[in-house]
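Each chain is listed here by its residues.
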Amino acid sequence: MSTASAAVEQTITEFLTRVEKLPAALTADLFLYADGIGLDSLETAELSAIVEDEHGADPFNDGEMPQTVGDILAFYA
Amino acid sequence: MSTPASSEGGRVVIVTGGSRGLGAGIVRSYLESGDMVATCARSITPEVEAWQSDPATADRFLWAAADLASSADADAFVKAVVAKWGRVDVLINNAGVARDGIHSMFSDDDIDTVVDLNIKGTLYMSRAVGKRMLARRSGHIVNISSIVGLSGYRGLATYSATKAALDGLTRALARELGSRGIVVNGIAPGYLKTEMSHGLDGDQLNQIVRRTPAGRLGDPEDIARVCQFLTDPKGGYLTGQVIVVDGGLTS
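In order, the protein sequences belong to chains A and B.
Those letters in the first sequence? Residues 1 to 77, per my numbering, in order.
Those letters in the second sequence? Residues 78 to 328, per my numbering, in order.
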């Protein structure tokens, strides 16, 4: 994993810990919403703001919504 | 006037369209209450230059040229504020433009100009700031609308429509963001002694004054005072409301 991806994964981990939705194993194929991690719409907006401010760009504002943890990591790769 | 607090102690306040008129009055109020204030407009004014150079305000004031009808400009402005101060505590959506004339004769350009800044600009700013407030689970947003959004005014159909739209936005955002500690209200000012009232002629202004129980046009300070009330950090239970501040004109 690149340094950038590791930093983004750390941001995601910290966010999911704060909202108490950190799964036992944070894998790239984990679905972000519904029966995956279960982010609701407001939490998704929160994550959008956090990754944009910490990593300079927002994968949620780039046309297609990321569906998995891997989609977010791929955006910054 | 309260004593300015240190930069660490003040709120981070964005006032859109703060280079003149009502917006400048709101910027001045938050600078006087010790807050860190960012504002934007399409062009700089002597008042902005004074805040930039005054040692009492220079390190607590940020100005950027921006056309909020452009989402890219709005996003870049919010990013600049967050880069400088790390957060946004208060957003005052004040930027707006009025074009007057009988609606049947209004041009596409007039309609686009007023809708793009008054509605779309406010939506862009609320989107960019709102998600950062969500991440912090706190914040206050005030949308500056107008009594003409409630009562209408001959020759201001498009402007009135945009201001009524902001009142709808206020109620919707209050419902959408309320569970995360974000308070959203609106202020509907009456007729003020600012450039925005310049489309009204002397007879119209005199008639307005005669019909206003307070017996005068409003000052920016009248509106800024209500902004301060609605954005008090302890105020969390008054939300989704549009407060009419018009000297009693529409009472």
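Hint data in this document are derived by calculation from the structure and do not stem from the laboratory.
Each residue gets a CB set at the ideal place from its N, CA and C atoms; glycine is no exception.
Do not rely on the hints blindly, as some may be mistaken.
[What the hints assert, rightly or not] Below, simulated DMTMM-like cross-link-like pairs (lysine to aspartate or glutamate); rule was C-alpha separation at most 20 Å, straight line: (1) B/K156 with A/D62; (2) B/K156 with A/D40; (3) B/K161 with A/D53; (4) B/K161 with A/D58; (5) B/K161 with A/D62; (6) B/K156 with A/D53; (7) B/K197 with A/D62.
[Said to hold, decoys possible] Simulated restraints, written as ranges between beta carbons of each label pair: (8) A/E20 with B/P123: 45 to 53 Å; (9) B/K156 with A/Q10: 49 to 57 Å; (10) A/A57 with B/Q281: 48 to 56 Å; (11) B/A141 with A/A34: 34 to 42 Å; (12) B/P310 with A/Q10: 27 to 35 Å; (13) B/D185 with A/G63: 26 to 34 Å; (14) A/L30 with B/S215: 24 to 32 Å; (15) A/Q10 with B/T327: 22 to 30 Å.
Keeping to a limit of 20 Å between CA atoms, is the pair of B/K156 and A/D62 held or broken? Distance ~16 Å between B/K156 and A/D62 Cα, so the pair holds.
Taking the CB of A/L30 and the CB of B/S215, does the distance hold inside 24 to 32 Å? holds, 29 Å
Compare the distance between the alpha carbons of B/K197 and A/D62 with 20 Å, and conclude whether the hinted pair is satisfied. holds, 19 Å
Between A/Q10 and B/T327, does the beta-carbon spacing fit 22 to 30 Å? violated, 54 Å
Look at the Cβ atoms of B/K156 and A/Q10 and judge whether their distance stays inside 49 to 57 Å. violated, 21 Å
That 48 to 56 Å hint for A/A57 and B/Q281 (C-beta), does it hold up? holds, 50 Å
Does the alpha-carbon distance linking B/K156 and A/D40 stay inside the 20 Å limit? violated, 24 Å
Given the hint of 26 to 34 Å, is the C-beta distance from B/D185 to A/G63 inside that range or not? Holds, at about 28 Å.
B/K161 and A/D62 were given as a pair; does the straight-line alpha-carbon distance stay at or below 20 Å? Distance of about 24 Å is beyond 20 Å: violated.
B/P123 and A/E20 - C-beta distance against the hinted 45 to 53 Å: For A/E20 and B/P123 the Cβ distance comes to about 52 Å; the hint holds.
Under the criterion that the straight-line Cα-Cα distance not exceed 20 Å, is the pair B/K161, A/D53 satisfied? With Cα atoms ~12 Å apart, B/K161 and A/D53 stay inside 20 Å; holds.
Would you mind confirming whether the straight-line C-alpha gap from B/K156 to A/D53 stays at or under 20 Å? holds, 8 Å
When the structure is compared with the earlier hints, violations turn up for hints 2, 5, 9, 15 and for no others.
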